Amino acid sequence: DTGVSQDPRHKITKRGQNVTFRCDPISEHNRLYWYRQTLGQGPEFLTYFQNEAQLEKSRLLSDRFSAERPKGSFSTLEIQRTEQGDSAMYLCASSLIGSGGYGADTQYFGPGTRLTVL
Amino acid sequence: LAKTTQPISMDSYEGQEVNITCSHNNIATNDYITWYQQFPSQGPRFIIQGYKTKVTNEVASLFIPADRKSSTLSLPRVSLSDTAVYYCLVGDPLNTDKLIFGTGTRLQVFP
Numbered sequence: 004d005t006g007v008s009q010d011p012r013h014k015i016t017k018r019g020q021n022v023t024f025r026c027d028p029i030s031e032h033n034r035l036y037w038y039r040q041t042l043g044q045g046p047e048f049l050t051y052f053q054n055e056a057q058l059e060k061s062r063l064l065s066d067r068f069s070a071e072r073p074k075g076s077f078s079t080l081e082i083q084r085t086e087q088g089d090s091a092m093y094l095c096a097s098s099l100i101g102s103g104g105y106g107a108d109t110q111y112f113g114p115g116t117r118l119t120v121l
Numbered sequence: 024l025a026k027t028t029q030p031i032s033m034d035s036y037e038g039q040e041v042n043i044t045c046s047h048n049n050i051a052t053n054d055y056i057t058w059y060q061q062f063p064s065q066g067p068r069f070i071i072q073g074y075k076t077k078v079t080n081e082v083a084s085l086f087i088p089a090d091r092k093s094s095t096l097s098l099p100r101v102s103l104s105d106t107a108v109y110y111c112l113v114g115d116p117l118n119t120d121k122l123i124f125g126t127g128t129r130l131q132v133f134p
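These protein sequence lines map, in sequence, to chains S and X. To convert, note that position 40 of the first sequence is 43 in our numbering; the numbers rise steadily by one, no gaps. To convert, note that position 2 of the second sequence is 25 in our numbering; the numbers rise steadily by one, no gaps.
Heads up, some of the hints might be wrong.
As the list claims (entries may be wrong) - With a straight-line Cα cutoff of 30 Å, these simulated DSS-like cross-link-like pairs (lysine-lysine) come out:
(1) Lys-74/S / Lys-14/S
(2) Lys-60/S / Lys-26/X
(3) Lys-14/S / Lys-121/X
(4) Lys-92/X / Lys-75/X
What the hints assert, rightly or not - Okay, the calculated bits of chain X under chain S, using three or more residues with CB under 8 Å as the criterion:
(5) 35–47
(6) 55–66
(7) 99–106
It is worth saying that the hints were derived from the structure and are not from the lab. Every value quoted in this text rests on a predicted model; they were computed, and no experiment measured them. All C-beta atoms in this analysis are idealised placements derived from N, C-alpha and C, irrespective of residue type, glycine included.
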C-alpha cells in the first residue's frame with residue numbers, strides 16, 4: 004500500500020498526558036498537511052509543511068501543539084497536556100507540488116488517528 | 024476565502040443520478056472549485072475539480088455556470104457505496120494550499 008499512513012489509528016489518554024501521532028506521506032510528495040475533525044464537522048486545517056519547512060500554522064494550533072517533519076519525509080504531531088476538547092480525529096494529507104496544474108494540488112488523506120481524552 | 028453553502032443532507036436510491044449543488048456567491052477570479060468525498064472513519068478523497076463550464080471524469084461531472092456563483096456535482100447511477108459526505112471547497116491555488124471544508128452534504132443511498 005503506497006497511500007498515506009497514520010499511527011496509531013486510535014489513542015485513548017487521560018487529561019494532562021502528552022500524545023504523539025505519526026504520519027507517513029506518499030513517498031514522493033513534498034507537502035504534508037495536518038487537519039483536525041470533530042463529529043459532524045468538516046476537517047479543519049492545522050498546519051502544513053513543504054519538505055522540512057513548516058509554512059503555515061492555524062490559530063487553532065495552540066502552544067500545546069507542535070508538529071515536525073525533520074527529514075522532509077514522515078511527520079509527527081504532538082499534543083502536550085491534553086484536554087478533553089482535544090478529542091477529535093487527526094488527519095494527515097500529502098500532495099505533490101504542481102500536480103494540480105493550474106488548479107489546487109490533490110491532497111491524499113490518511114485514515115486518521117482518533118484521539119479520545121478522558 | 025469564498026464561503027460555500029450546501030444542503031445538509033440528501034437521500035437517493037440506487038441507480039438514480041444525484042446532483043449536489045453548492046453556492047459560492049463571493050467566489051474570486053482565481054478560485055477553483057473542488058469536491059471531496061468522505062466515508063465514515065476515513066479521510067476525505069478527491070473527486071473532481073474545475074474552474075468553469077463542465078468537467079467530467081470517471082467518477083463524476085462538475086457543472087459550473089458562467090457566473091461561477093454555484094456549482095453542481097453530478098453522480099451518475101449511484102450505488103450504496105456512494106453513501107458518504109460530499110464537500111464543496113473553493114480556493115485560490117496560487118494564494119493558499121490549505122483546504123477549507125464546510126460541513127458538507129451527507130448523501131444516503133437506499134436500495
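Results for each hint:
Restraint check: the Cα-Cα separation between Lys-74/S and Lys-14/S comes to about 25 Å, which is no more than 30 Å; the hinted pair holds. At roughly 21 Å between alpha-carbon atoms, Lys-60/S and Lys-26/X fall within 30 Å of each other, so this suggested pair holds. Proposed proximity of Lys-14/S and Lys-121/X is supported: the alpha carbons are some 26 Å apart, at most 30 Å. For the proposed pair Lys-92/X and Lys-75/X, the alpha carbon gap of about 10 Å is at most 30 Å, so the pair holds.
For the segment 35–47 of chain X, the assignment as covered by chain S is violated, since 0 residues bring a beta-carbon within under 8 Å of that chain's beta-carbons and 3 are needed. Counting residues of the segment 55–66 of chain X whose CB falls under 8 Å from any CB of chain S gives 5; the rule of at least 3 is met. Chain S is given as covering the segment 99–106 of chain X, and this is violated because 0 residues of the stretch bring a CB closer than 8 Å to a CB of that chain, at least three being needed.
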